[in-house]
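K.L.:
Given the coordinates of chain A, assemble chain B onto it according to the supplied hints.
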Amino acid sequence: GAVVSQHPSWVICKSGTSVKIECRSLDFQATTMFWYRQFPKQSLMLMATSNEGSKATYEQGVEKDKFLINHASLTLSTLTVTSAHPEDSSFYICSARDQGAGSYEQYFGPGTRLTVT
Amino acid sequence: AQSVTQLGSHVSVSEGALVLLRCNYSSSVPPYLFWYVQYPNQGLQLLLKYTTGATLVKGINGFEAEFKKSETSFHLTKPSAHMSDAAEYFCAVSGDGGFKTIFGAGTRLFVKA
Chain A
1 GAVVSQHPSW
11 VICKSGTSVK
21 IECRSLDFQA
31 TTMFWYRQFP
41 KQSLMLMATS
51 NEGSKATYEQ
61 GVEKDKFLIN
71 HASLTLSTLT
81 VTSAHPEDSS
91 FYICSARDQG
101 AGSYEQYFGP
111 GTRLTVT
Chain B
1001 AQSVTQLGSH
1011 VSVSEGALVL
1021 LRCNYSSSVP
1031 PYLFWYVQYP
1041 NQGLQLLLKY
1051 TTGATLVKGI
1061 NGFEAEFKKS
1071 ETSFHLTKPS
1081 AHMSDAAEYF
1091 CAVSGDGGFK
1101 TIFGAGTRLF
1111 VKA
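Heads up: the sequence lines are chains A and B, in that order.
Position 91, counted from 1, in the first sequence is what the working numbering calls 91; the numbers after and before it change by one each time, with no gaps.
Position 89, counted from 1, in the second sequence is what the working numbering calls 1089; the numbers after and before it change by one each time, with no gaps.
If we strip away everything but chain B, and leave its shape as in the complex, we get:
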């Protein structure tokens, strides 16, 4: 079985500050990990993904995440927040052979001017 825990349902940062969204996963098989962003009343957009290989993954809009197997973590970061980054962010895990994707509860990012 797989699961995802996102620490913090709400995160607030100032514009220009570091963004750090935390994600821990549980998986009995090598995981595939994803971060998605969702704007109000829209579907999900893939920010980045880890499948195999390099553990530091770069995505769109300046986001990156690092897969740390020892910590079972896949935290999302961005060096400098922009107002347009305000949205809901979901961490997800897949790879159990059934191709299901399990989503975390989500973290809403607020960016203050």
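One chain only, chain A, in its complex shape:
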């Protein structure tokens, strides 16, 4: 089946630094990937839709200058949290649509736990 990986699985960084999270579709091409944020014991909140070769579409209230998204290839999207602060600590999950499958199903990565100290 379709597999999506994320790297790193967890990261601790100091306040003010930037962190990059990678999302890869391992066995399919994904022109569209999604980035979600999940706070403890809460649901997934869609942050942005990442489109290969074009700018990401951000959801209302998400700071595009803080959460930089790059979708440089059909199998890789990256989320960079710039000038991280403790309130950015969260579980970040990406997903990808298998364009070839022609369905609305998304395949989710295992998530990245970010802790900002």
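One thing to keep in mind: the hints can contain errors.
[Stated by the list, open to error] With a cut-off of at most 30 Å between alpha-carbon atoms, the simulated BS3-like pairs for lysine-lysine come out as follows:
1) A/K41 with B/K1058
2) A/K14 with B/K1112
3) B/K1100 with B/K1112
[Said to hold, decoys possible] Covered stretches of chain B (chain A as the covering partner; in silico rule of three or more C-beta atoms under 8 Å from a C-beta of chain A):
4) 1036-1043
5) 1100-1107
[Claimed, not checked] Only part of the chain A face toward chain B is listed, based on derived beta-carbon distances under 8 Å:
6) L46
7) I93
8) F108
9) P110
10) G111
No wet-lab data here; the hints were simulated from the structure.
A virtual CB, placed ideally from N, CA and C, is assigned to each residue, including glycine.
P.N.:
Frame of chain A; chain B shown alone:
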């Protein structure tokens, strides 16, 4: 616009008992509906999905769900709960043309021995 409401943030059942997790949706277009399960500190795993066709959908681990358009519902059931079913369950809807998936708030399932 689409939305999902999951009734009950917590559901507790005894091992071997029926599992029923409720989900109602709102959609201005024919919906695609999903149930996902999430174990602690992990990503989401698809349990089952409804796109078109048969309204009773069978998924993995003995789960099934029925799409009822008249009730705008997509409840998840399993005849007999197992301890390993304890997890967070999310109902989701998609199909607005923008390919976004909207998630419900989630229901945590507890299974008592």
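K.L.:
Run every hint past the structure and note whether it holds.
P.N.:
Here's how the hints hold up against the structure:
| no. | hint | result |
| --- | --- | --- |
| 1 | A/K41 with B/K1058 | holds (27 Å) |
| 2 | A/K14 with B/K1112 | violated (41 Å) |
| 3 | B/K1100 with B/K1112 | violated (36 Å) |
| 4 | 1036-1043 | holds (count 4) |
| 5 | 1100-1107 | holds (count 7) |
| 6 | L46 | holds (6 Å) |
| 7 | I93 | holds (6 Å) |
| 8 | F108 | holds (4 Å) |
| 9 | P110 | holds (4 Å) |
| 10 | G111 | holds (5 Å) |
In terms of the numbered hints stated before, the structure departs from hints 2, 3, listed from lowest to highest.
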